[in-house]
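Protein chains: 2
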Amino acid sequence: MGPGPSDVHPQVLAAQARPTVGHLDPLFLAMMDELKQLLQYAFQTSNAMTIAVSAPGSAGMETCFVNLVEPGEKVIICRNGVFGDRMRQNVERCGGIAVCVDNAWGEPVSPANVEQALRAHPDARFLAFVHAETSTGALSDARTLCALARQYDCLSIVDAVTSLGGVELRVDEWGIDAIYAGSQKCLSCVPGLSPVSFSEQAVEKIQQRKSPVQSWFLDQSLVMGYWSGSGKRSYHHTAPVNSLYALHEALRLLAAEGLEQAWQRHRTMHNILADGLTNLGLKFVVAAPYRLPQLNSIYIPAGVNDAALRSALLSEYNLEIGAGLGELAGKAWRVGLMGYGARRENVALCIQALTEQLSLR
Amino acid sequence: MGPGPSDVHPQVLAAQARPTVGHLDPLFLAMMDELKQLLQYAFQTSNAMTIAVSAPGSAGMETCFVNLVEPGEKVIICRNGVFGDRMRQNVERCGGIAVCVDNAWGEPVSPANVEQALRAHPDARFLAFVHAETSTGALSDARTLCALARQYDCLSIVDAVTSLGGVELRVDEWGIDAIYAGSQKCLSCVPGLSPVSFSEQAVEKIQQRKSPVQSWFLDQSLVMGYWSGSGKRSYHHTAPVNSLYALHEALRLLAAEGLEQAWQRHRTMHNILADGLTNLGLKFVVAAPYRLPQLNSIYIPAGVNDAALRSALLSEYNLEIGAGLGELAGKAWRVGLMGYGARRENVALCIQALTEQLSLR
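So the sequence lines, in the order shown, correspond to chains A and B.
Counting from 9, one number per residue, gives the positions in the first sequence under the numbering used here.
Counting from 9, one number per residue, gives the positions in the second sequence under the numbering used here.
By construction, these hints were calculated from the structure, which means they are not laboratory data.
The reader is advised that the hints may include incorrect statements.
Unchecked claim - Example chain A residues on the side facing chain B (calculated, C-beta under 7 Å, incomplete):
1. Gln-19
2. Thr-28
3. Ser-66
4. Glu-70
5. Gln-97
6. Gln-192
7. Leu-230
8. Pro-248
9. Val-249
10. Asn-250
From the three backbone atoms N, C-alpha and C, an ideal C-beta is built for every residue, glycine too.
When you get a sec, could you build the whole thing from the sequences and use the hints?
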């Protein structure tokens, strides 16, 4: 019950352990076509450029920025936690100009502040924000922010690492132009892959680049030669075959449950957990309307030794909860309810273990 | 028996399917310390900066170039197959200047030509070459080339994707400065990870950079905050936990067999295969002294339909052999004998299946 990797579904672990076949084996290529369709379902998109980057979410983030942002282009970056600032670092390493819109840690991104920045910077080409901030547990209004981006002629770049599969997310309906996620959060899959999707407008922007993408490994114009289903696939890099087996199975399980049912399960488990934690006198970092069901940040009560308590949970109850990150280090815990981890038995264990351990302090 | 991913050892698949724990779990961090030692053994190095990049070999290549090469710096690149040219593309995307030394496909890199280039370009900072060219099956003399690099004040960058675990490779003794490999070849591990190692001189070069590394994800100064065993580990990206379980087990098996014993096994299996293929009248692309035991390129006999024969091997014998790549596409097959795949039963199956299928043509 940390901030991810979350519990991996046993069927996903079993799928991953199937014998490795070649990355150009007809059987494997057929699986990749299915995987693409399953990703499109999870993202609620018909974008053709929908794939899994062969590396973790941070590489998914970099994939979006290095392919889209050219030197000298301006990007409005919303920061309300660790990952917004990581976006800024990506933009600057691409030679782009980052304009930061800051909200306090634990708050969602403020659409009013974003609109102000969009007005003040009519030359901005992109608006980038984190949908579900893993470092704080705050959910931002992606639908409204993407509408603003479009209104001001910007492409939107959305971090959905923790949101995909856990809360409502509709890429096409909300007009998201570039999005990246992680395999290891609400998809109940092993860490190491990053689903990404690019809209037609984003693909056009990539095709019109004047400078080559600075990363060979993440260059989507090359990667698509392998992932595009039509005709002959050309070798780019060796696909992480077994991890892709795992992602295929995880997405198959998500489709079998139903996306909206999965969102609802996360919400239901969160409500039970939140009641239990509140009864223990624990306070949430994030105000109720913006709380992520899948990532519950709670303040560490005065007098409690952070590391000692987390260590006791791990060694005595086999239960991981996450430490605070960045500004919240030493001040908050992060309790994950992600994917296969969002189950009644986990919620009950967490409440009871905290009840027992906090009474000892 | 393709050019990789190779057969994964069953114990490696089983290790990978163990339940996922957090990337900061004490148990996992202890395993990473062991993993680092096992990598140092496999590379025959005491380099502190020895880790596995959380992405395939192509990302390992990019890790070496983006961290070491700064804009305007000159790199001598040896090209005798697909991967030398990929190195050139990496150098150019870093803003470096690539000076190419070409040898024909199937030939090893010529030390004489390299020395000529080093003399002609006294401002070169790096010499980069592929130890074992997966696209042709040629082995180059890494010891001699690295000695030349040092003599002319260059750092050496070595592609060992296909060589690690399959042929003699001694990072410290040969004076290799930066090296990257792949998990999915002679280590019998799943694809998706790239072991890398940097010498002290290479680390100094990275520390003296004037410009930031253009990739956030591959920036070794950030990555080492997580991989360095001393003191508190800081979060950089979520490690691919299950793939690292697999690599740990694969390297444990390699250490149990013994590195020199593994090199000998590859050589022994190659000799039996080469005899069998030669008896069938098949011709090797590479001259005997430079042949890689783990990657056997053979010309497709006149009149044989390339795709149809490989398809028959796959569908009727459950046997994959690789197609030719680049200049050798449609002209050669690549038969892999890598890691767990380098076994007597595979060699026998391959010879008999080719005997049967070639007699039908």
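query: Honestly, which of those hints from before does the structure not fit?
result: 1, 7
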